[in-house]
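Using full-length UniProt numbering, the first residue of the sequence shown is number 1, and each one after it goes up by one.
No wet-lab data here; the hints were simulated from the structure. Be aware that a few hints might be false.
Have a look at the derived ranges for each label pair, beta carbon to beta carbon [as the list claims (entries may be wrong)]:
1) Arg258 / Ala122: 51 to 59 Å
2) Gly234 / Asn125: 44 to 52 Å
3) Asn125 / Phe237: 42 to 50 Å
4) Arg242 / Asp128: 38 to 46 Å
5) Ile205 / Ala117: 24 to 32 Å
6) Ala159 / His67: 27 to 35 Å
Keeping only pairs whose Cα atoms sit at most 30 Å apart, straight-line, the calculated DSS-like set for lysine-lysine is [stated by the list, open to error]:
7) Lys11 / Lys54
8) Lys126 / Lys203
9) Lys257 / Lys126
10) Lys85 / Lys54
11) Lys257 / Lys85
12) Lys85 / Lys11
13) Lys257 / Lys54
14) Lys85 / Lys126
15) Lys203 / Lys54
16) Lys126 / Lys54
C-beta: ideal position from N, C-alpha, C; glycine also.
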Amino acid sequence: METCEAWMERKLLAANHLLHSLGFGYYEEAALVVCSGISAAANFYWVESARTDKLRFSEILYRAKQHAGETIEPDPTRISISALKRRFPEIQGLFPDTCKPLTMVEADDLSEDEVLARLRAAGRNKEDGTEFTFYDVRAQSYANLLYVKVRCGLVHEGAVANEASADNEFLSMPGRLNSRTVRYVSAFQVMLDEDDEETGEPKHIRQIHFPMPWLCDMARACARFVDAEREERGLPFWNNLRQPWPVEPWLEVGRPKRKEKPKCKCADGAATGGKDGEVAGSPSRPSA
1 METCEAWMER
11 KLLAANHLLH
21 SLGFGYYEEA
31 ALVVCSGISA
41 AANFYWVESA
51 RTDKLRFSEI
61 LYRAKQHAGE
71 TIEPDPTRIS
81 ISALKRRFPE
91 IQGLFPDTCK
101 PLTMVEADDL
111 SEDEVLARLR
121 AAGRNKEDGT
131 EFTFYDVRAQ
141 SYANLLYVKV
151 RCGLVHEGAV
161 ANEASADNEF
171 LSMPGRLNSR
181 TVRYVSAFQV
191 MLDEDDEETG
201 EPKHIRQIHF
211 PMPWLCDMAR
221 ACARFVDAER
231 EERGLPFWNN
241 LRQPWPVEPW
251 LEVGRPKRKE
261 KPKCKCADGA
271 ATGGKDGEVA
281 GSPSRPSA
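Input sequences plus hints: build the corresponding full structure.
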């Protein structure tokens, strides 16, 4: 019987063929294939909902890791310290770099609990004075960065974002070909103005690199998670599980509540929006 894992393995076979093809490989194309498989697994599991692609991507990685236990490393919920310091420059001194410059190096990254414990022990808050939350640090997790910096960059711009590296380990690190360690590449980013003219000195950045063996491990874990849920419910492969979307997704825990826009009141007290006197949710009528 067909399974999500068997379907995913065909995706991964194609991805690895791209990675090793023609003697130099295509990391970006291979990563896009794997990321599309992860997105599809999320679609198999949840009811479709508008504007939830990013949340579903990180949610299924989180749940797949929970299902797989210790067999998947590094943990997709691990926090990129480099990305966290880029987002919150005020905490630079609390997480000093131990990485060597201008080389691909292993990450000095931490779990979300370790990050928050260090921030709270030092009494550090954000610039606005509020405390750091799970929402602040999870935005810089491997799961979210894989979506934002790799998957979205490849889909919408044809390349990974500046903060990510498409360095092909098949070429530059043959001895680390099967490594699953997330690494960083030191690079210099040329800053351009609106006219594409250079502005000042190039900026030093650390680009995160997600190795292909780890990406494949995560895709398989997502497929096995979906298969386990289907088996529990006695559903065949082609039946989407259509589970309801969680009230509080993993990536959104601790997110400040959005301020609701004030509603206008028309003469009879009904809530309105848009033009004066137009009841919210009702179609506007063309003028005579």
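Now the hints, each set against the structure:
1. Arg258 / Ala122: 51 to 59 Å: Violated, at about 30 Å.
2. Gly234 / Asn125: 44 to 52 Å: holds, 50 Å
3. Asn125 / Phe237: 42 to 50 Å: holds, 49 Å
4. Arg242 / Asp128: 38 to 46 Å: holds, 40 Å
5. Ile205 / Ala117: 24 to 32 Å: Hint holds: Cβ distance 27 Å, inside 24 to 32 Å.
6. Ala159 / His67: 27 to 35 Å: holds, 32 Å
7. Lys11 / Lys54: Holds: Lys11 and Lys54 sit about 21 Å apart, inside 30 Å.
8. Lys126 / Lys203: holds, 24 Å
9. Lys257 / Lys126: holds, 17 Å
10. Lys85 / Lys54: This hinted pair holds, its Cα atoms lying about 22 Å apart.
11. Lys257 / Lys85: The given pair, whose Cα atoms are some 24 Å apart, holds under the 30 Å limit.
12. Lys85 / Lys11: violated, 35 Å
13. Lys257 / Lys54: holds, 19 Å
14. Lys85 / Lys126: holds, 12 Å
15. Lys203 / Lys54: holds, 28 Å
16. Lys126 / Lys54: holds, 24 Å
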